[in-house]
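Colleague: Top to bottom, those sequences are chains Z, F and H. If you're matching positions, the first sequence starts at 1 in our numbering and goes up one per residue. If you're matching positions, the second sequence starts at 1001 in our numbering and goes up one per residue. If you're matching positions, the third sequence starts at 2001 in our numbering and goes up one per residue.
Calculated from the structure, these hints are not laboratory results. Because the structure is a prediction, the values reported are computed rather than measured. Virtual Cβ for every residue (Gly too), placed ideally from N, Cα, C. Please note that a few of the clues may not be correct.
Using C-beta positions, here's what the derived DEER-type ranges look like [claimed, not checked]: (1) H:Asn2419 <-> F:Thr1078: 23 to 33 Å; (2) Z:Ile29 <-> F:Glu1027: 44 to 54 Å; (3) F:Pro1079 <-> H:Ala2032: 50 to 60 Å.
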Amino acid sequence: MTKIKFATVWLAGCSGCHMSFLDMDEWLIELAKYVEVVYSPVGCDLKEYPEGVDVCLVEGGVANKDNLELIRLVRKRTKTLISFGDCAVTANVPAMRNMLGGSAPVLRRGYLELADETPQLPYAPGIVPELLDRVLPVHEVVPVDIYMPGCPPDAHRIQATIEPLLKGERPKMEGRDMIKFG
Amino acid sequence: MSVRTLTIDGQPVAAIEGATILEAAKEGGIHIPTLCFLEGVSAVAACRMCLVEVEGINKLLPACVTKVSEEMVVHTNTPKLQEYRRMVIELLFSEGNHVCSICVANGNCELQDLAIEVGMDHTRFPYRFPDRGIDVSHPQFGIDHNRCILCTRCVRVCDEIEGAHVWDVAQRGAAAYIVSGLNQPWGEVEACTSCGKCVDACPTGAIFRKGTTTSEKARDRAKLEFLVNAREKHEWTR
Amino acid sequence: MDWTNLLEIAETEQKRQKSIRVHCCTSTGCRAANSLSVKQNLDNAVAESGLGDRVEVIGVGCMGFCGRGPLVQVDPEDLLYEEVTPENAPSIIEALDGGEAKPIKGDSQHPFFSRQMKIVRQHTGKVDPERIEEYIAVGGYQSLYKALYEMTPEQVVSEIGKSGLRGRGGGGYPTGLKWATVAKMPGKQKYVICNGDEGDPGAFMDRSVLESDPHLVLEGMAIAGYAVGADHGYIYVRAEYPLAIQRLQKAIQQAKKYGILGSQIFESPFDFKIDIRIGAGAFVCGEETALIQSIEGKRGNPVPRPPYPAESGLWGCPTLINNVETFANIAPIIREGAEWYVSIGTKNSKGTKIFALTGKIRNNGLIEVPMGITLREIVEEMGGGVPNGEVKAVQTGGPSGGCIPASLLDTPVDYDSLNKVGSMMGSGGMVVMDRETNMVEVARFYMEFCRGETCGKCVPCRTGTVQLYSLLTKILNKQATKTDLEKLETLSYMVKETSLCGLGISAPNPVLSTLRYFPQEYLELIQEDSLNSKVTV
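Please take these sequences and the hints and turn them into a complete structure.
Modeller: Shown next, in the form of structure tokens:
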């Protein structure tokens, strides 16, 4: 049996969704029978997102240039892209900075106005990725195939979403068991 | 008082003349989703969640204010209505700043519940991220306009049940917001009796008790119904 | 005040009037072009020339050819002068005595005028709106008298019903039916409301009627009051129309003084008073239920219908609410009879309609045309076509209407035909667009208007217009994909079908009609691949 090429990526989020993913505990071992983890901050040490990925869980909103580059690459190289958790689906907490109205006021607020000592704007081109003006949910940047809201989605729901995919079926994201914001 | 018989989703229902489609459906055990509707205060038909199709009428009618009539044939859950209801919820989510994970009403929110009910797993409309304020000048309560969906339940409950009319709507369109007193901080509005009915009425976490944190908001919705029943039907016990 | 008195006033006024009347427009449009100074100089010229015994200068209402103002017209010779300046105005008076008139001579036989049929605007531009005597001299208030003394209220209602008059505010509801409903409602207290909250961009028909012939509207309202059994009327005018308000105030005062409004009108048992309510300029207050809320002193939010105002309107009483132009049709119908009115127009649209003809067109201004005239006749013959170009589309009905492509210019102007092509009669805005006009931008312009004017009560209108506007912007910025275009269409239908009042229900019309007739203009702006679409950051 050819294994499903499986990836997870972590954009602007708290990694809580990935923690919840790990909460699937022993089912992870079951999962490993079906999938080959080809890219993941918690399951693989590859630096470059590979070609030909079957399923990818994307945690986090799109907040900076790095996120933007990565999510475009992910979309190009992935068959089924899953918006994983509220930050990916709604931009959630990271997007609360959008209310300030742009990256410049955000940086000013964070690094100058609220600084305890040595207030200074971060500037390191090529090292520190530039902020986008607004944090966006993934589907406002690239097409998304499945949405799994939740902050974080609990382990059962993650399992219930992935399981049908292993059989080549599409999960039904309906009802209280499968949809939950917050 | 005469009775009207009608059909709702294929089911014959008898309703008292003057009853609304919503009331008739409820009696017949048929669920129609609502959001701005609140038992005990006047209906405003603003959220459009309860729109239904009535045979022979070429427009959608709000069940909360449309009176039943003899031999009316009502459909409450057609694919078109399902799609439009989902769009209403999507529009509301993208309009305000609904960050469920940090909201007092998380898990206890009618907007969240409706999102599940209409099957909204994401909104197709771009989030607006408006810059709205928070007013915590009242000693017991706070209002977070980011979570407000302008259902005006607080306005009606304060005006019609408490009789204080602390709340109203200011501005229009996307700029509309719930205003306290004469556009004063809530804490400075002398008319406010601090009764807390607006907290009980609010469907989301927009109006809350101070000290409640994420997911802790509890409402005493039954209190509102009790007060109305006490007044109108002289039922003095809860 | 009785019939003899009325005729006496008319006779005295006719005798008072000089043989040569120089009409100078003092309505808002020409005023903006300095017509008050023109009038002043005309007055001075008459005084200096010593022609005062046979010449008088009268400040009148709108003559219609607003694009060429200030306008001066001289009767009985029917000479028309355009773009008159204070400097060349005196020469018009000199010309009466053999001199040479310097201002541009207009052609009063031009199709712009000759193709018109004036019922509502019959006396505008001829009578001084600030003097009730002039209105009486042309037969004013005789219809009211006739209604009070020769007809029962039922007969009046039935006459209006038979005339086939339909609401001129845009909806086209049969006026007689509305009147009959209110008349039949039980209850002692009823109201008549005149909706003068004209707010469509580019529309100024009602303003012109109110400024030019306020008594015509008052007379229509009083007849309506008699017909439906109301003793109190309100005119709701937006604050942006100060001149209309001022002239209405004056007109009401004068009518009251003569016993034509107030208690025991024409010494009959019929009482009718009219109050003015000034709106703060919210477009949504043109929606009848919102307007009623506003008169009651509440926030101008629409409320669900039913109950319709005819059943439960102002302060819960049966209320008749009609538009300015509708009321202005009443006195002529009573005077000439329903049969006469029925002879004008098409099968289902009777009478005339006033349009504000604007946009990329040679002759801008107000025209009153019989129903059934084609758009082509209006645009090409009366309007003189597009200067240096071709017509691409005609927008009717303002933000509630739609864009009709040039290929459909032979569409007759009546309620049903305009609906059939995806637009509507509306209150009478008619904007002509040439080949240079970008239809997506047009759609966005109207959506921007609705987005700013929605009251915010119901969700689809409040948030839907915002989303539609941003989708249109995205398309115009060439950032949108096919999915966005589908979204635009779906959301348009959703807002149309689910909004609470007419504002939201009609707000998507400009989008839907441009999508229908000019899909190519949208498609040209669409990005192929969503992956390459730029992120709006």
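Colleague: If a hint holds in the structure, say so; if it doesn't, say that too.
Modeller: Now the hints, each set against the structure:
For Asn2419 of chain H paired with Thr1078 of chain F, a C-beta distance near 25 Å keeps the hint of 23 to 33 Å intact. Range check, Ile29 of chain Z to Glu1027 of chain F: Cβ separation about 53 Å, and the 44 to 54 Å hint holds. Taking 50 to 60 Å as the suggested C-beta distance range, the pair Pro1079 of chain F and Ala2032 of chain H conforms, at roughly 54 Å.
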